[in-house]
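Student: Spelled out, the chains give:
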Amino acid sequence: MDSVSSTKEATVSNASKVVVVTSGKGGVGKTTTSANIATGIALQGKKVVAIDFDVGLRNLDLVMGCERRVVYDFVNVIRNEAKLNQALIRDKRVETLYVLPASQTRDKDALDAEGVGRVINELKEQGFDYIICDSPAGIEKGAQMAMYFADEAIVVTNPEVSSVRDSDRVLGLLAAKTSRAETNSAAIRTHLLLTRYSPAMVKKGEMLSVGDVLELLGIPLLGVIPESKAVLQSSNKGTPAILDETTDVAQAYLDVVFRYLGEERQHRFIEDQKRGFFGRLFG
Amino acid sequence: MASFTVLRLKSTDLELIENQLRAKTSQLPSLFLDAPVLIDVAPLADEVAALPLSDLARLVRACQMIPVAVAHLPDGLRPAAVEAGMGIWRGPIQARVRAGAEPASIPSIPSISSVPPIPSHETTPAPQLSAAHGGPVVVTTPVRGGQVIHAHNNDLVVLAPVNPGAQVIADGHLHVYAPMRGRGVAGAKGLPGARIFCQKLEAELLAISGAYVMADEIPPAMRGRAVQVYLENGECRLQPL
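As they're listed, the protein sequences go chains A and B.
Just so you know, the numbering used here puts 274 at position 226 of the first sequence, and the rest follows in order with no gaps.
Just so you know, the numbering used here puts 93 at position 74 of the second sequence, and the rest follows in order with no gaps.
Source of the hints: derived by calculation from the structure; they are not laboratory data.
Do not rely on the hints blindly, as some may be mistaken.
Stated by the list, open to error - Once the Cα atoms are required to be at most 30 Å apart in a straight line, the calculated DSS-like pairs of lysine-lysine come out as: (1) Lys-73/A x Lys-285/A; (2) Lys-43/B x Lys-131/A; (3) Lys-43/B x Lys-219/B; (4) Lys-251/A x Lys-219/B; (5) Lys-285/A x Lys-65/A; (6) Lys-219/B x Lys-73/A; (7) Lys-140/A x Lys-285/A; (8) Lys-219/B x Lys-252/A; (9) Lys-65/A x Lys-172/A; (10) Lys-95/A x Lys-285/A; (11) Lys-252/A x Lys-94/A; (12) Lys-140/A x Lys-65/A.
Whole structure, please, built from the sequences with the hints as guidance.
Tutor: This is the structure:
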């Protein structure tokens, strides 16, 4: 029994995945997505940490409702001013979920590849299954550090031209300016998450459709999150929306989590009526 | 052998020069970025005495090009040019001015033209050209916004979409067998026979050997179609395939 469980643990830590949640454009839902996906995966019993790379602003701890328990932060750990375990905050609702908060008193120059790499390696050694890196907006240092060590990327995009263009730019960086690209390893697996989607507006021609976005970006669709008041309410409360299963946003994020973990789930929230959207999408 | 960008001055008005230079380089920034520039003052004749050479050199650098030398400069101004960090060019300039680049009706403007290869042993900073045509460069992954791919001395074959904001540049022919939504350049170092082939034309800009068409100038009938682009009388012609 003992040997079985230890073998399992070893396999798990070897398979820890670094996932960057990125977009280029700001305000599209990166932090919301990081919080919900991290929570959702942790709800499945996986050990998950969400790292806030938005040094200088600090949002993730607020959205995840742990801002009052921040003592040390990511930059303190990078600079050896605190131990990793002193900075990690354990979630009060989901046992296997942790947050590594950003510093509000530093700027993005405090991040360097050597330090970030060391922290990520330490998290891997601690047996985290998923290390979710919440990227800041833009394509500057903070964003580049967030993506540098990624194995996978979730590209968050709004159905709007400038957001799609920025995501395209970020996909270019993911293919060129990351550890995997520089060492000629297998390319980062990229997933598209379309947020703030409103089928009614798409119908009226006021919003890009899923098909339009996929045509330009050309990466697999992980899910569509509908535009909803629940997102704002849950951010303000510090409770990730996925924890209240009655909302459509929670349902959408749960789908995303299960799809991400390898389960087949039909896409929802793409059309007003639930009918053959696949036919329209790919037909 | 090397080819140079020549800045032929017809005015000593630095503001005018800067405006036109910036307008020119902004059309294809990657072509002009860090390009060595030869400044030809021949058209200025006697007016050249009024040209502030060091300010001019600073201006060209501010436009992200490198002023290398001045041609047709009277001997009396040589120290000023050297002081400004530029050499004196005594070789021939066989200017091949692209059609339409110098409208005869508007005098006093500086113009940029490509010069055909000139012997490089007299110059120092020239673009590095490998001697032989090494076969086409083939790209199989999407070219995303912000990415620039330049096939030096070669054809460029792209088998994946070129997205808005991306630039694909070939010194020879350019082939894009997927949607072409970015900027495409063929004959980038001045090869008027170069052509562009697109399977699905949705480009922002297409250029051959210095002549270009912008998105607005592409006839709607050509959009979304398989199209080839070639030079005819110095202008880009689009033809469905």
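Student: Run every hint past the structure and note whether it holds.
Tutor: Checked hints:
1. Under the criterion of a C-alpha separation no larger than 30 Å, the hint pairing Lys-73/A with Lys-285/A is consistent with the structure, at around 24 Å.
2. Restraint check for Lys-43/B and Lys-131/A: the C-alpha separation of about 55 Å exceeds 30 Å, so the hint is violated.
3. This hinted pair checks out: Lys-43/B and Lys-219/B have alpha carbons roughly 28 Å apart, not beyond 30 Å.
4. A distance of roughly 26 Å separates the Cα atoms of Lys-251/A and Lys-219/B; the hinted pair therefore holds under the 30 Å criterion.
5. Pair hint Lys-285/A plus Lys-65/A holds up; C-alpha atoms about 29 Å apart against a cutoff of 30 Å.
6. For the hint pairing Lys-219/B with Lys-73/A, the CA-to-CA distance comes to about 28 Å; that is within 30 Å, so the pair holds.
7. The suggested pairing of Lys-140/A with Lys-285/A holds, with an alpha-carbon distance near 14 Å, which does not exceed 30 Å.
8. Our distance criterion of 30 Å between C-alpha atoms is met by Lys-219/B and Lys-252/A, whose separation comes to about 27 Å.
9. The hinted pair formed by Lys-65/A and Lys-172/A meets the criterion: a straight-line CA distance of about 8 Å does not exceed 30 Å.
10. Simply put, Lys-95/A and Lys-285/A have alpha-carbon atoms about 24 Å apart, close enough for the 30 Å limit, and the pair holds.
11. Restraint check for Lys-252/A and Lys-94/A: the C-alpha separation of about 41 Å exceeds 30 Å, so the hint is violated.
12. For the given pair, Lys-140/A sits about 23 Å from Lys-65/A by alpha-carbon distance, which is consistent with the 30 Å threshold.
The structure is inconsistent with the numbered hints 2, 11, although it conforms to all the rest.
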